[in-house]
Amino acid sequence: MRRVILGETGSGKTKNAIKRYCRMLSDGINSNDILVLVANRTERIKWMKNVDYKVTSQLRIFSYFGFIQRELKLFWPLILDKCSLVKKHEIEPVFMHYEASQSLMSKTVEFYRKKDYLKGIISSDEEISRKLLSNITGASLSNTSYKKIGERIYKSKTEDEKLELEFYKEINEITVRYIERILEEGIVDNAVSIYLYFNYLLKDGKYLEHLQNNTKYLVVDNLENISISQGDFIIELSKWVKGSILYYNTDGPYGIYQFSRNYIEKELLPNFQEERLEENKNAEKFREFIEALSKNLMLDTEEISENSAIKTDLDNEFRSKEDKKVLRLVAELLEQGVPGNEISVITPRYNVTLDFGLSRISEKMDIKYLYTSKNDKVTDNPYVFALIIFALVFYRFDKIRINYDEMKVFINIVLQMDLISSALLADYLSKRDYRLEKVEDKQLLKRLPKEKIEEYNNMVEFVESLDREMTINQFFTSVYLEYFVGRSDDAKDIKACRELMDSSEDFVRVMESFQMLKDANYEFIKFIREGAKTTPTLEDIGVKLEGGYMSLSTPGSFIGTGRKSKILILTDVRNPLYTLKSYNEFQNLWSLNKDWPVGRVFTGEDELQMEKLDLDAVLKRLFKSVTEEVYLFGTIYSGRGMEQHSLFYDALLRTLD
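Under the UniProt record's numbering, the residue at position 397 of the sequence shown is numbered 397, and the numbers go up by one with no gaps.
Hints are computed from structural coordinates only; laboratory data are not their basis.
Think of the CB as a built atom: it goes at the ideal place given N, C-alpha and C, for glycine as much as any other residue.
Pairwise CB distance ranges, derived in the manner of DEER restraints: (1) Arg498 / Lys368: 25 to 31 Å; (2) Met365 / Asp490: 21 to 27 Å; (3) Asp33 / Ile400: 49 to 55 Å.
Computed list of lysine-lysine pairs in DSS-like fashion (alpha-carbon distance at most 25 Å, straight line): (4) Lys115 / Lys399; (5) Lys564 / Lys368; (6) Lys594 / Lys612.
Build the full structure now, drawing on both the sequences and the hints.
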């Protein structure tokens, strides 16, 4: 039994997959024998929540990365036997968080730039590091050798675009050095995990025997969201499993998975028996418009589709005017009785005006509102913020300074001092370079509450008593236990502090393995101060899945929630950010696909076609998620005063009468 279930957006693929999975369990198949691969953590939670069949054995439901990391942990000794690159032999690998990998790559780039590598490039070390890490991930997801990244990018460039060959050799050298150095220490990130799994575990006889004995059935949800390496894995498993069922969205891949489209269509779909689900009946109202828009986008035709349920306002001069109209529309819809949870607003990138305005409207109307794309900065949590400032006054890093406002808020949080007193004390400390010193100013002593002066002096003594050589994790733990444990019952506060302590421990553990980093404590605080983001909690994901809220989203985050609504408001449709960009002097993720012929030049026509395919998949998903009305807003000029045009807008003009 090798089947692929085909269905468009909203046709019930995941619901069907869960139903079939439960039927397999009720037929007596052990859950340990069924491997289920889903797109991400959110989809896994959706599955776990909806599998209502009671089992005593394990449910093997994983994201692709989650499955690979689990296997590496369990079979790390086999990796150590096979991979000579790993010099440090521990019981299991150290999995590196993104903040550690970016900091490490940034330091690697800095090291090589001091040796005159990457001449003429004005980008910062941090920006270059992000692009190089993206290359590594792209190559890994395609099972392309990381040693060939620079060569493949160079050969994909036109003669006019190419920098010196030496530049691409330098990219390669930096990339190889980074990967092989972390492997020496037994440290891995997501990309390196895939490399190890495919090059060592899947080639090990003992592991393959284990995998075959323990995996009899395979279920893959969201096949359109797989990488080429995951496709290779599916093909490998399909050689021996008794049955495999794949679910594919016929609207096609989007985002980073757009790179897998040709592979899926050529290598996977033809080898499975097709079964089609019924069309999404909720999409009927806009189906003719969707088909015309898609045709005009992909083929540059001019097929008009009249639809009275689509309202347009595309010629606002500036975004501020558009934002006012959007907010006015939302308020009017709510006043007319449209439930807030039936209104979804889409923006190509974060729009602070809309976020603030919608939150105020929701407060006034007493409805729930959520910006679904938001990952808070780590320091948005008050207790985490206080821990970071605590670290700065303790370690006294020369290159990171505290300011007056930060000190005032810090005092207010830690000592629970009123804002006026906090401001007075912060001003006093500002004249002492923000060193925590006991208050000796008689005038200030008269103005501050006596009990708060005592608490502050105790804090000074506490900080002075700490070991100056302690790691940042040890410091955070000491301060948390002294000042914040039990302070808040909010699970988000507790989770935020624990996440900070755990990630700092992981960060220091990783960084201390590398002599190029003189002070891991400093590097961690620097990364956090530069805007590191939190990971969403189970509660956050649960709220998004429940959907009982008015929403503001970027296209990708909206699609990821699986949200449906009566009213869809698409803003800033002239903005080119509705299309995927993955091409610059450092990057060409298309050329890193193993099915992209080495040496084939990636032309402007190729880039345009890929952007169209991605936009087409996104727009189909958006318009098939709405049942009653669509509002389209546009702005003529960008924030920089430049006239805006986009593939989306151009296709719209040819579709709307």
